[in-house]
Amino acid sequence: MSVQTIRSVFSVETGYRLSDDQIVNHFPNHYELTRKDLMVKNIKRYRKELEKEGSPLAEKDENGKYLYLDFVPVTYMLPADYNLFVEEFRKSPSSTWIMKPCGKAQGKGIFLINKLSQIKKWSRDSKTSSFVSQSTKEAYVISLYINNPLLIGGRKFDLRLYVLVSTYRPLRCYMYKLGFCRFCTVKYTPSTSELDNMFVHLTNVAIQKHGEDYNHIHGGKWTVNNLRLYLESTRGKEVTSKLFDEIHWIIVQSLKAVAPVMNNDKHCFECYGYDIIIDDRLKPWLIEVNASPSLTSSTANDRILKYNLINDTLNIAVPNGEIPDCKWNKSPPKEVLGNYEILYDEELAQGDGADRELRSRPGQSLGPRGGRSRDSGRTVLTTWK
Amino acid sequence: MALTVLRSTGQGSWEKRILKSLNSMCTELSIPLARKRPVGEQKELLNKWNEMGTDEPDLSLFRPVYAPKDFLEVLINLRNPNYENGDSLSFRTHLGLIQVPLKVKDIPELKEFFVELGLTTGQLGIDDSTQVPPELFENEHVRIGQKVLAEQDSAAAQQYVRQGSPTALRAELWALILNISSQPEDILYYEQLKTNVIQHDLLVDSLIYKDVKLTASNDDYYFVFEDYLYQVLLCFSRDTSVLGHFAYSSASPPKSYIRGKLGLEEYAVFYPPNGVIPFHGFSMYVAPLCFLYHEPSKLYQIFREMYVRFFFRLHSISSHPSGIVSLCLLFETLLQTYLPQLFYHLREIGAQPLRISFKWMVRAFSGYLATDQLLLLWDRILGYNTLEILAGKILAAAVFAFRAVNLMEVTSLAAAEAVLADLSTLKVMPLLQIFLFATVT
Chain A
1 MSVQTIRSVF
11 SVETGYRLSD
21 DQIVNHFPNH
31 YELTRKDLMV
41 KNIKRYRKEL
51 EKEGSPLAEK
61 DENGKYLYLD
71 FVPVTYMLPA
81 DYNLFVEEFR
91 KSPSSTWIMK
101 PCGKAQGKGI
111 FLINKLSQIK
121 KWSRDSKTSS
131 FVSQSTKEAY
141 VISLYINNPL
151 LIGGRKFDLR
161 LYVLVSTYRP
171 LRCYMYKLGF
181 CRFCTVKYTP
191 STSELDNMFV
201 HLTNVAIQKH
211 GEDYNHIHGG
221 KWTVNNLRLY
231 LESTRGKEVT
241 SKLFDEIHWI
251 IVQSLKAVAP
261 VMNNDKHCFE
271 CYGYDIIIDD
281 RLKPWLIEVN
291 ASPSLTSSTA
301 NDRILKYNLI
311 NDTLNIAVPN
321 GEIPDCKWNK
331 SPPKEVLGNY
341 EILYDEELAQ
351 GDGADRELRS
361 RPGQSLGPRG
371 GRSRDSGRTV
381 LTTWK
Chain B
1001 MALTVLRSTG
1011 QGSWEKRILK
1021 SLNSMCTELS
1031 IPLARKRPVG
1041 EQKELLNKWN
1051 EMGTDEPDLS
1061 LFRPVYAPKD
1071 FLEVLINLRN
1081 PNYENGDSLS
1091 FRTHLGLIQV
1101 PLKVKDIPEL
1111 KEFFVELGLT
1121 TGQLGIDDST
1131 QVPPELFENE
1141 HVRIGQKVLA
1151 EQDSAAAQQY
1161 VRQGSPTALR
1171 AELWALILNI
1181 SSQPEDILYY
1191 EQLKTNVIQH
1201 DLLVDSLIYK
1211 DVKLTASNDD
1221 YYFVFEDYLY
1231 QVLLCFSRDT
1241 SVLGHFAYSS
1251 ASPPKSYIRG
1261 KLGLEEYAVF
1271 YPPNGVIPFH
1281 GFSMYVAPLC
1291 FLYHEPSKLY
1301 QIFREMYVRF
1311 FFRLHSISSH
1321 PSGIVSLCLL
1331 FETLLQTYLP
1341 QLFYHLREIG
1351 AQPLRISFKW
1361 MVRAFSGYLA
1371 TDQLLLLWDR
1381 ILGYNTLEIL
1391 AGKILAAAVF
1401 AFRAVNLMEV
1411 TSLAAAEAVL
1421 ADLSTLKVMP
1431 LLQIFLFATV
1441 T
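Heads up: the protein sequence lines correspond to chains A and B, in order. Residue numbering for the first sequence is 1 to 385, as defined by our numbering. Residue numbering for the second sequence is 1001 to 1441, as defined by our numbering.
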């Protein structure tokens, strides 16, 4: 079911009620996670809440940056936060920022700026702005551009990871083992003369496939396993494992951030496409979460991957290929996971933590024993600084 | 005896053929074998040094000088004129394509030689899989590896990698075994080669471009490293130090004569300067190394050393046990001896096994196995200092054994090729172990 259809299914006006044997592939208000502006809002809110509670997760360093929750680049909504943005911009005027429309996908409407004049029309004081442009369709987010991405073979890439959520409360999510990297066809350069060249900066296949050098055999894609092999071989095992652990961490944190506001309708499950960029200090950044990750394929390998993805997703969401019953406990047996691995299971985490099938870092568990295991987690996390 | 015969007939005529092919390409396309670049072009190339892949010269008229299958035809037609004395009875019953009676190891001898690959010894590629707890083997193995590196013991490193190298230690271990240490003079040497590339254009360069574009650029694993391949291979062809390996190779470097001075030795130069004419797939020798080294001069040194120790044997004719002829013979013998039914069946349907496995062996399996498996295989080449395992003539035989059931059912060469087309899911070490140590002899 597409997001448009979901909107109408769950809209108050239609009054459509899903029956017990109907399961749908989106949560009613998934946009809390999948719209760029709402995702950032929720994460900011979540961080503030943790800070208020005095949770060790919200600890900050001497510069006021969150130690464990700083995984989204500095972002502002436009035009709402325009003045805040300007203040930040002036602090480092040589930095580059990326403008993204809130509601679009596939790299549409994205551009880079390094001068305030380039975004004049979002200024609240500007004569051209009006309240019309504050409708959700025209809203933009502006984020600090990561101009030091990790390069391989001189090229920029990002990670596309698939995460299945079967329930938000308690949170139960699965990570697909076969994610991939999307490479740009052109060599990366932070040079200001190439800010307009989308082939250098945007990794979306929808954009890259129009480039001259696009190759239809491999599609500019690498498996995550290749990435792992390369990083382990050239950087070492510890830093590579830490990187992947951090990636899992930020995915779980982003889900926890929206869990309280998600409509945890028991008829729903959802498979998200997470976009992550790794910078040259091997720090991962969450760029965005997609509710309808592309299920079309650009290469033969891709087709196999997407086919298996859909197959495995449905096996978890709807057990045994039987008529679904939304009242089931949403705990599929291990055998049906296919290429998915349990990323986080809140129920298990709150129960006996000893034999969980989570990533080995105890720091990822946040249950009643949150305090104690956090300490061992923290020691691991802080060793990078 | 066999060595001289092969050297003078087989390799000699093969070399003549390659050179002829190169020269005719040169005349047909009216391109000189070498020319000095005008200053403007030099500047441009220097600017583009890190992204030569985006440069798209018109390569449509270039063809690879030869491909592995051409080479195979030559090997098949090798004969040893001394053979009539027929001292090896068993050879008379040899039904494979190779008709030269070289001595190759049999399974008992192989078992002894490759004893560390036995079933009772821990291996990376088997004992580090997720079902096996790391305490059993992996952790200890890693600890030993770190110790070997700390002590910078090259011989110990070579012994160590026979059981496979942990991914994080591999780059350093290989460098230790190959005695590569990136001194300032090495970096300077590489820079000098780079300058040569900038200043002169060689016909061979176009062959290299074409090869990379045809092979590595289309490979799921290696396309990312395309630009590194140019940086290594273009320098490689100008590296005269590579000529040194011809002293122990049965091959000799092709010579070219300055225009108008044909036959006059004082006007002869080696062409290309390193004496190695690349063939279709040559760039795949370098590609896997890009997963280990991202600094061009180090990558270069490692590749060069691997080439002069191992890879050159895969495309020249000699009687050396690691030479391609011996490897082919070893493969055919193993297959015929231990899987006779399969062997006969494939022969019957016109699918001589060597025709299928030859290309794997010539490329040292690069581009056919998944990279992590390939690296495990190359660990063993370095560890045992021989290609017998890789060129896996043994591995090739093991692959056939593994897919035997399917192969018994095919009825054409094309179908056999299809069964063996995709090796990307194979796990190298279990295959080798089963074939060497678990086959009933």
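Don't read these hints as lab results, they were simulated from the structure. As the structure is a prediction and not an experimental result, all values here were calculated from the model. Yeah, the Cβ is synthetic: ideal placement off N, Cα and C, and Gly gets one too. Heads up, a few of these hints could be off.
Said to hold, decoys possible - To spell it out: a stretch of chain A is covered by chain B in this simulated footprint if at least three of its residues, at any positions, have a beta carbon under 8 Å from a beta carbon of chain B; those stretches are: (1) 144-157; (2) 163-177; (3) 225-231.
Hints versus structure:
Under the rule that three or more residues need a Cβ within less than 8 Å of chain B, the assignment of the segment 144-157 of chain A holds, with 4 such residues. Here's how the segment 163-177 of chain A fares: 0 of its residues keep a CB closer than 8 Å to some CB of chain B, so the rule of at least three is not met and the hint is violated. With a cut-off of 8 Å between beta carbons, the segment 225-231 of chain A has 4 residues touching chain B; three or more are needed, and the interface restraint holds.
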